[in-house]
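**Student:** As you go down the protein sequences, you meet chains A and B in turn. Positions 1 to 446 (UniProt numbering) are the ones given, in order, by the first sequence. Positions 1 to 446 (UniProt numbering) are the ones given, in order, by the second sequence.
Don't read these hints as lab results, they were simulated from the structure. Computed from a predicted model, the values in this text were never measured in an experiment. Worth double-checking, as some hints may not be accurate.
Only part of the chain B face toward chain A is listed, based on derived beta-carbon distances under 10 Å [what the hints assert, rightly or not]:
1) 59
2) 60
3) 165
4) 209
For every residue, glycine included, the Cβ atom is placed at its ideal position computed from N, Cα and C.
2 protein chains.
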Amino acid sequence: MPQETRTERLATWAANLRYGDIPDEVVQKTKDFFLDTLGCAIAGRHHPAVNAMAQFAVQMGPSNGKSELIDGALKFTTSPAFASLVNGAASHVVEQDDLHNRSIMHPATVIFPAALAVAQDLDSNGEEFITACVVGYEVGCRVGEFLGKSHYELTLKQRFHSTATGGVIGVAAATAHLLKLSAEQTLSAIGTAGTQAAGLWQFLMDATHSKQVHTGKACFDGIFAAYSARDGLLGPADILEGPKAMGVALVPGDTHPEAIDENLGRDFEVSRSSFKWHASCRHTHPSVDALLSLMKKKSVMFDDIESITTRTYQAAVNVLGLSGRGETVHQSKFSMGFVLAIAAKKGHAMITDFTEDDLNDGSLRDFQNRVTMELDSDIDRAFPEKWKGTVIVTCKSGQKFSEEEIERKTRTLATYGGFTDTSKVDLIIKRAWNLEHEKNLQGFVF
Amino acid sequence: MPQETRTERLATWAANLRYGDIPDEVVQKTKDFFLDTLGCAIAGRHHPAVNAMAQFAVQMGPSNGKSELIDGALKFTTSPAFASLVNGAASHVVEQDDLHNRSIMHPATVIFPAALAVAQDLDSNGEEFITACVVGYEVGCRVGEFLGKSHYELTLKQRFHSTATGGVIGVAAATAHLLKLSAEQTLSAIGTAGTQAAGLWQFLMDATHSKQVHTGKACFDGIFAAYSARDGLLGPADILEGPKAMGVALVPGDTHPEAIDENLGRDFEVSRSSFKWHASCRHTHPSVDALLSLMKKKSVMFDDIESITTRTYQAAVNVLGLSGRGETVHQSKFSMGFVLAIAAKKGHAMITDFTEDDLNDGSLRDFQNRVTMELDSDIDRAFPEKWKGTVIVTCKSGQKFSEEEIERKTRTLATYGGFTDTSKVDLIIKRAWNLEHEKNLQGFVF
Chain A
1 MPQETRTERL ATWAANLRYG DIPDEVVQKT KDFFLDTLGC AIAGRHHPAV
51 NAMAQFAVQM GPSNGKSELI DGALKFTTSP AFASLVNGAA SHVVEQDDLH
101 NRSIMHPATV IFPAALAVAQ DLDSNGEEFI TACVVGYEVG CRVGEFLGKS
151 HYELTLKQRF HSTATGGVIG VAAATAHLLK LSAEQTLSAI GTAGTQAAGL
201 WQFLMDATHS KQVHTGKACF DGIFAAYSAR DGLLGPADIL EGPKAMGVAL
251 VPGDTHPEAI DENLGRDFEV SRSSFKWHAS CRHTHPSVDA LLSLMKKKSV
301 MFDDIESITT RTYQAAVNVL GLSGRGETVH QSKFSMGFVL AIAAKKGHAM
351 ITDFTEDDLN DGSLRDFQNR VTMELDSDID RAFPEKWKGT VIVTCKSGQK
401 FSEEEIERKT RTLATYGGFT DTSKVDLIIK RAWNLEHEKN LQGFVF
Chain B
1 MPQETRTERL ATWAANLRYG DIPDEVVQKT KDFFLDTLGC AIAGRHHPAV
51 NAMAQFAVQM GPSNGKSELI DGALKFTTSP AFASLVNGAA SHVVEQDDLH
101 NRSIMHPATV IFPAALAVAQ DLDSNGEEFI TACVVGYEVG CRVGEFLGKS
151 HYELTLKQRF HSTATGGVIG VAAATAHLLK LSAEQTLSAI GTAGTQAAGL
201 WQFLMDATHS KQVHTGKACF DGIFAAYSAR DGLLGPADIL EGPKAMGVAL
251 VPGDTHPEAI DENLGRDFEV SRSSFKWHAS CRHTHPSVDA LLSLMKKKSV
301 MFDDIESITT RTYQAAVNVL GLSGRGETVH QSKFSMGFVL AIAAKKGHAM
351 ITDFTEDDLN DGSLRDFQNR VTMELDSDID RAFPEKWKGT VIVTCKSGQK
401 FSEEEIERKT RTLATYGGFT DTSKVDLIIK RAWNLEHEKN LQGFVF
């Protein structure tokens, strides 16, 4: 009998996880991320990419499904594949979703929209939903860690958007869990998800909309993989380590096979993900944190600063070097200089801190021009295990946010997204904190 | 003003092609391939992968669309994205669809199902349909040629299923043409298609169902790209040659940029594609042709043959080396030895020539064991421009099939697929030959 592969072990674990196996703090953090993601989806629902994808859902999908679709213009229910397509796109617009360092992934923006839509379709309860999301995080992030840094970028070139390529597999596993698939069927779902893995960084060059396409399609494709596995479609068994699989075709450098199955059931990837507080690109956060900390400690004011040199890792230089001066509000969040200017002037860099007016603020633009970015080889070697920035300060991504802070962030995002009914937001928050006792997931999106 | 890119030139050409610009012989060959593909779809409609994908369409899609879905069990109309998902899978099951040498692609199995479903949705007429299919072939195959041989395989390892990765872009262009998108919107559609490009060969290792997933999803994803481009979703402009685009991320060796736009409007890729006559893997065909020709010329019979050495290119050795003895009818079509045994004994290797009984035929199995396959470096260097095999005989893939031969192949495939109503097949054939005069494309699938 052939030896069990790492991917088989991961699929078996995913199929067999029960709610009672999950530590309390992992349940709590899953609920935190879920609420955080709802806020992100509401905040992003007016984006043109989201609207175009919602139009596609209207034209190509049914209008009588049970899954709720969030969008700036439409309010309707459809099948889970289409609801998650749109919600997965919406939740990745405002760049406020979580970050899982080791995998260089934003798992929340794919796992929650997909699991929510499927749970609504299947009438799953809160415990089942939480368990499926923990499975989705675990499988998706472990795949991302397996694919590693060179999958994300190599030799100064971005390659794959790992949130999508690892994410589609996490979605498949979460969906398979809600569908109560066997370990064998779950393995098929993982295989079919992996052979669809896609998502390139070319959109960074001209600020086009693929980022939302990648997360929305990761949801759709992962759901396709799991539902069709249930109905008899066979996926390749060893889609990670096989001789013609993802590790060979999508990873130009080293893979990390041990990440697939080491400490399964003891470590939980949910615990390793972190909230995103600043509204700018995640690669600016270590520098923002360092700057704000320094300014506070030394009582330095915005006008006192002559110039700043940030020292960072290669991936940050690559991504942030592309957006130039930042001509739009969106692009400005990818300019290290502009982001530090905002943070220094306003004391934080939240979503409402980046405005059209700021783009024409001479003092911010002057400050921006005095910021230079340098590659630091020590910091680069530590990436992606640690996301460090500037001269001395270590990444604070692991810091603990209180429930109160998450609630405040959610309310800010909901306001930004034009959600005026605050009693509705109150209800969503209350239900999220009580998630494990919820009978079903209906009514979470609108 | 920045210089126009090759991809922009291709998109502009695709948006502006008119029926009157297409040479008569290209129109005729497009009609030939269309009929050929319908036969393939009927023949493949009972496959479990097709049935599972049809179930997904039923559960996730609408039941009141205008596009016809072919399947062994269901007869219903749905939205074009779902109809093409299923029909694109069905037409790639029996390995009888066309081959475009230079791109190592099977364009028909993605272009026709997608364009047909969209044409049915939009009430396009025959001329519009033919024009869109010519656009789809041109764009898809040129992308495949750009990506080149190393995208398909490198250093003894298969990488990407180029029918899917080039195909999704061809589908986007064909759909964009039917939607009458501008050149700029077509470029967006191409960009969004390219960032979704996926499809790995791992399924060859365990005979699972990804091959059909790849073609079906290429249809779905390409349609998504074009419809969402119409509704305002922006795709990256230079998804082929850009610094973070397909050429960088998906091609480990050399790309062929000139293939993107050289001789646009003068050469037509439709003319370069060839019919598949034998029912076995395309990589066996040069050897089958050579063997049958030799046997005829020298009056050699099955029992006269002591042993055979086939000399071929690396990609053939890789693909054919995997299936071992060929335990199933499907796998047996990937065994060089078994395929040559069938051809030698029966005088051809058509779809009805491979049966369960043959798997247990001792004389065929003995013959199989006497066939050895060798890598020929001259033949390998010529690949994929020319697909040569055995000792002396050049690939006959460019040979001309008569209308009569295509009709016979279509009837054989329809019979294999359980299509008992021969008057319906007659009607499909008649309409295909009259395609440019058809008012709409309704009724082609059932």
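**Student:** Determine for every hint whether it applies to the structure shown.
**Tutor:** Going through the hints against the structure:
1. 59: Given a least distance of 7 Å, the restraint on residue 59 of chain B holds.
2. 60: 4 Å, holds
3. 165: With a minimum Cβ separation of about 9 Å from chain A (threshold 10 Å), the hint on residue 165 of chain B holds.
4. 209: Holds, because the Cβ-Cβ distance from residue 209 of chain B to chain A comes to roughly 5 Å (cut-off 10 Å).
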